[in-house]
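Asker: Chains A and B, in that order, are what the protein sequence lines are. According to UniProt numbering, the first sequence holds residues 1 to 796 in order. According to UniProt numbering, the second sequence holds residues 1 to 302 in order.
Derived by calculation from the structure, the hints in this document are not laboratory data. Treat the hints with caution; some may be incorrect.
[Claimed, not checked] Examples of chain A residues lying across from chain B (beta carbon under 10 Å, computed):
id	residue
1	116
2	117
3	281
4	660
5	663
6	721
7	725
8	727
9	729
10	782
11	785
[Unchecked claim] Here are the computed distance ranges between Cβ atoms for each label pair:
id	chain 1	residue 1	chain 2	residue 2	range
12	A	790	B	221	18 to 26 Å
13	A	790	B	253	19 to 27 Å
14	B	173	A	32	51 to 59 Å
15	B	5	A	16	38 to 46 Å
16	B	189	A	70	38 to 46 Å
17	A	726	B	245	30 to 38 Å
18	B	252	A	724	31 to 39 Å
[To be verified] Below are the SDA-like pairs computed for lysine to any residue, each with C-alpha atoms no more than 20 Å apart in a straight line:
id	chain 1	residue 1	chain 2	residue 2
19	B	2	A	340
20	B	2	A	32
21	B	2	A	280
22	B	29	B	55
23	B	2	A	720
24	A	297	A	170
25	A	297	A	183
26	A	340	A	381
27	B	2	A	127
28	B	2	A	278
29	B	2	A	56
30	B	2	A	33
31	B	2	A	124
32	B	2	A	27
33	B	2	A	115
34	B	2	A	718
35	B	2	A	62
36	A	432	A	390
37	B	2	A	117
38	B	2	A	194
39	B	2	A	31
40	B	2	A	284
Virtual Cβ for every residue (Gly too), placed ideally from N, Cα, C.
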Amino acid sequence: MTTKAFGEPIARLEDPRLLTGQGRFLDDIGHRALAAAFVRSPHAHARIAAIDVTDAVGVDGLVAIYTHDDLDGRAGEPLPLLIPHEALTHGRTGYALAKDEVNHVGEPIVMVVATDRYVAEDVCARIRVEYEFLPPVVGIEAARAAELLVHDDVPGNVSAHMVQENGDVDAALAAAPHVLELDLDIERSASTPLEGKGVHARWDADDASLRVYTSTQASTSVRAALAARLELPLDRVEVIAPDVGGGFGVKIVHPWPEEVMVPWAAIRLGREVKWTEDRREHFVGATHERGQLQHVKVGFDDDGRLLGLDVTVWHDNGAYTPYGIIVPIVTTTQLLGPYKPGAYRAEFFSLYTNTVTVTPYRGAGRPQGCFAMERTMDAIAAYLGLDRTVVRERNFIRPDEMPYDHGLIFQDGRPLIYDSGDYPATLDKLKKLIGWEEFEAFRAEARAAGRRVGIGIACYVEGTGVGPYEGGWVKVETDGTVVAATGLTTQGQGHRTVFAQVVAEELGVPVDRVTVTTGDTRRFGYAVGTFASRAAVMSGNALASAARKVRQKALRVAGEALEADPRDLEIVDGVVRVIGSPSGAPGGSIPLATVAVLANPLRYAFDREAERATQFGGPVDISKPPVAEGDSPGLEDTGFYSPPRSTFANGMHAAIVETDPDTAEISILRYCVVHDCGTLINPRIVEGQIHGGVAQGVGGALYERMVYDDAGQLLNASFMDFLMPYATEVPVIETDHLETPSPLNPLGIKGAGEAGVIPGSAVLASAISDAEGFAITRMPISPSDLYSLRLERQPR
Amino acid sequence: MKPAGFTYHRPATVDDAVAVLAEVGPAGKVLAGGQSLVPLLNMRLAAPEHLVDVNRLSDLAYVRADGDGVTVGALARHADVERDEAAYAVLPLLRDTLRHVAHPTIRNRGTTVGSIAHADPAGELTAVLALLAGTVTLRSAAGERTVTAADFFTGPMSTCAGAAELVTSVTFPVPEGRTGTVWTEVARRHGDYAVCGTGVVVTLDDDLRVAGARAAYVSVGPEPVVLDLTEAVAGEMHDAADWPAAGRLAAGRLDPDDDIHATAAYRTRLAEVLTTRALREAAGRAAGATTAARREASGGDQ
Ligand SMILES: Cc1cc2nc3c(=O)[nH]c(=O)nc-3n(C[C@H](O)[C@H](O)[C@H](O)COP(=O)(O)OP(=O)(O)OC[C@H]3O[C@@H](n4cnc5c(N)ncnc54)[C@H](O)[C@@H]3O)c2cc1C
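Turn these sequences into a full structure, and let the hints steer you where they fit.
Answerer: Here is the structure:
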């Protein structure tokens, strides 16, 4: 393996382990632990009148049954509202175990701990909860109508109402030569990682310390939350994210009720306790996203240039608001995409319903925003009879207008300023890739054969790498291997590979010599979490900074050993040498391993290597202390990266679809992606992120929906009926890249994690509309839905 | 999602199996490939006290084909039936249909007999058995009986099999005369249960005129629906028949329900379109294929 690491499409270092079944996921941990199961509300809205455990207490293997009444101290308080916001005037959160009232099917009410999960479920089945039914609020329309309330003390079911405005929208719309209005609808979907949530806790009574493994995207914050809830000193709590089988946003929420209850029970019982979420629990007991109704009013000139844009969003936040109003804020700010909107006003109402709580799912509100904007662009093009790409191009922010200030506040509380991007060049590449200009010839050919085809396009800009910060720690071991750690977690992205590439590049060592640990508070205690396409930008730059410091120290120590000026030294393939000298030249080089030994003066020689670092091991300058003032032993250091504001990646997707004139089946014939996430650390991993994102985008556009009935029952809470696309439903994805570096961080990188999913519904709606000749305004769309739309348009 | 407790039996012979079934009565359930039963157990939608695992009954792991039909033993997996060349030669419809049943991994485990015994109205093989007027053979401690498909299926997920009866085999007869068969369906995802599916048999006379047109459907009713559509196309030339008329006739006779995946109107529309397509294709096959070898050449749905 060469030293050149950064930018190379190397294979993922984690794959051999994961693909040979050696991953250690939550349920692989703690086989002797007691098992927990929860009695969950079967009703969408009810008061808990009584809980009767008489039939349960005799069951063999039962260890404990807990209800809210058992929760002492802070454990019994409402769960935290993680991201407060001044517009969130009526934030509400649930409890670790429901107190008095339940607000969605799936809310945990009773915790059962038993010798195994089978017994725990047997016990759950024997516990009788008596309910007083309350009428449920299901769906955005019902929430808006507010004839019924989810929370008695939240008028209109409105948790938050927010308006952001830049310019005089009413005046701009009044003066615009053309005005169009659109009503749009996006249904619910969810992250649905293959591994659900899970928690394992062990209380060490001798040490008075708690160790928690949890399948999370934010282990440092879970730690802080647990210390607070369970009233333990922070340094007595450690939280580790083991291998995590996908997160896609849902696992950023914390502490989950189960995340509080499992450690709480472990402490109380003095026994290891584990809970592994099953699929049905995940559908009703985790979180969902996407559901919004939108109204767009747009004013534009004869060329299709935007003059004023007024958007109202009704966002379904479900039963509670533990993650604040991040999703609708992201929708209403990221909606703008690569365009200059003219005067802009974005208003949203975040509404309670008696359904599963809504928190960010990959894309985090952007797919909805992109849908609104791109449907609007297509509507303008159709109205003016212009090519859809021409309308978009005319509204683009030009490269020479960067950085571009939208005059709004982004989800990180900082100004929405795009740092860089070349949208016309991206569009150019995409048009070539899909063959935009040649499509009409293809359509004519297809039509002659009785086939119906359409082409669609959608553009987006994604704020990535949001702060406040991440950190990284890098250490060269005395055997020349390098260990690194960052506090944020990983759940399949390939962080261990890309971070190793970053560190290897800075340190001049082969990539396979670098081992990276993520999400383990024992190894790195300061972190925010993995979300918002931020890991590469944040931890990548933090680790680069740490590695750079280590490199400087290595050069200094090596310089002393080689009697050379550190500025004349370089590190190649793990060896420090005089620049340009062939390695192995006598006196001209020293392995990094040896430098690591020398960097830590020793008294005790526990092995051969160590011998060289003892006081009597080699020549020493006795005029100086062994560790210089201000220095520290070892070849290790820590670095942090905190961005001034987010960096903005962008991309454009185009798709060609075929719709069956008879069966209304929808097939994707081609799917093309052009993507710009700044400097690429590993093109192969970026490609993989795009593929996964597109798969989820296709799912959200054509397959996935959460089907609630009027009583608030989720009718498709299984993978049999919640149609996540299989590999057979995901098209071949053709990709091309642009690399417009971010000026905001030393590595020039932008995030890529969510990109692929953002324009899925928008681009497929565009293509289906084009094939069918009428505008699709509601996603997802099934063949049955398309058939109904055709019928509505048929003269009777 | 853990099953309630049960007693597990694993008999080594058919006699032992029926003896256990007789002993445990309605509290028992046969476990074959487990592809339908285990999810029901895990979700506690079923909680039998006794599970009688028939996977050791290797005597029943057979597929037998002759000119009259294909008989499938209770332990033949979908994949065994799908890959059986002799069965394909006499009754290509089985392979053509099985390719639409779930995914390869599930077909490697799930049994064709289990699928019939499960009687899911969305299960393709229930429809094929009904279409071909096949038979089901049951054994109990009291003896053996054979019933027709029409008698066997008594409703959604319900059959005439008694608690103490083991289905030992099913027989799919080869349709008589010059026939062509086709299975076609629309599913939301590859391998899913169909939103609507149909299997058809078209029979031609010696002049290649339509003598019979029958179709069976999944997912449009509580049990497999078989329709005789001959009247719409009787006596017409195989390549000039009014197949859309047969499609319309079928649509008019079916009465599907709405569900979360599709409206009743859409299902009816699918039935019409798929019937038309399948009959036309089957007639072509009947006209072109008089021998097994020529059938082979005409290829399946794949
Ligand atoms: C993801 C998935 C997708 C699927 N898609 C399809 C599909 O598209 N089309 C389709 O047809 N099927 C589908 N199936 C079901 C599959 O075909 C099953 O294999 C089949 O329905 C049952 O066969 P089994 O051997 O697994 O039976 P089991 O699950 O073991 O048993 C099913 C039922 O039949 C009874 N039973 C089984 N064998 C006997 C017997 N010999 N005598 C008496 N009773 C018996 C059992 O007691 C039980 O009630 C799917 C399954 C899965 C998991």
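Asker: Given residue 663(A) was flagged as interface, is its beta-carbon under 10 Å from a beta-carbon of chain B?
Answerer: Nearest chain B Cβ about 5 Å off; hint holds.
Asker: Hint check: is the beta carbon of residue 116(A) less than 10 Å from a beta carbon of chain B?
Answerer: Nearest chain B Cβ about 8 Å off; hint holds.
Asker: Do residue 252(B) and residue 724(A) keep their Cβ atoms within the hinted range of 31 to 39 Å?
Answerer: holds, 36 Å
Asker: Does the structure keep residue 2(B) and residue 280(A) at a Cα separation of 20 Å or less?
Answerer: At roughly 12 Å apart (the allowed maximum being 20 Å), residue 280(A) and residue 2(B) satisfy the hint.
Asker: Verify the proposed pairing of residue 2(B) with residue 124(A), using a straight-line Cα cut of 20 Å.
Answerer: holds, 12 Å
Asker: Given the proposed pairing of residue 2(B) with residue 31(A), does the C-alpha separation stay at or below 20 Å?
Answerer: Between residue 2(B) and residue 31(A) the Cα gap is close to 16 Å, so the pair holds against 20 Å.
Asker: When you check the alpha-carbon spacing of residue 2(B) and residue 718(A), does it fall within 20 Å?
Answerer: holds, 15 Å
Asker: Does residue 785(A) pass the interface hint, meaning its C-beta sits closer than 10 Å to a C-beta of chain B?
Answerer: With Cβ-Cβ at 9 Å, under 10 Å, it holds.
Asker: So does residue 790(A) sit 19 to 27 Å from residue 253(B), Cβ to Cβ?
Answerer: holds, 23 Å
Asker: Against chain B, is residue 117(A) within 10 Å by beta-carbon distance?
Answerer: holds, 5 Å
Asker: What's the verdict on residue 2(B) and residue 33(A), does the C-alpha distance respect the 20 Å limit or exceed it?
Answerer: Holds. Residue 2(B) to residue 33(A) sits at ~17 Å (cutoff 20 Å).
Asker: Is it true that the CA of residue 297(A) sits at most 20 Å from the CA of residue 170(A)?
Answerer: holds, 10 Å
Hint 19 alone, counting from the list given before, is not met by this structure.
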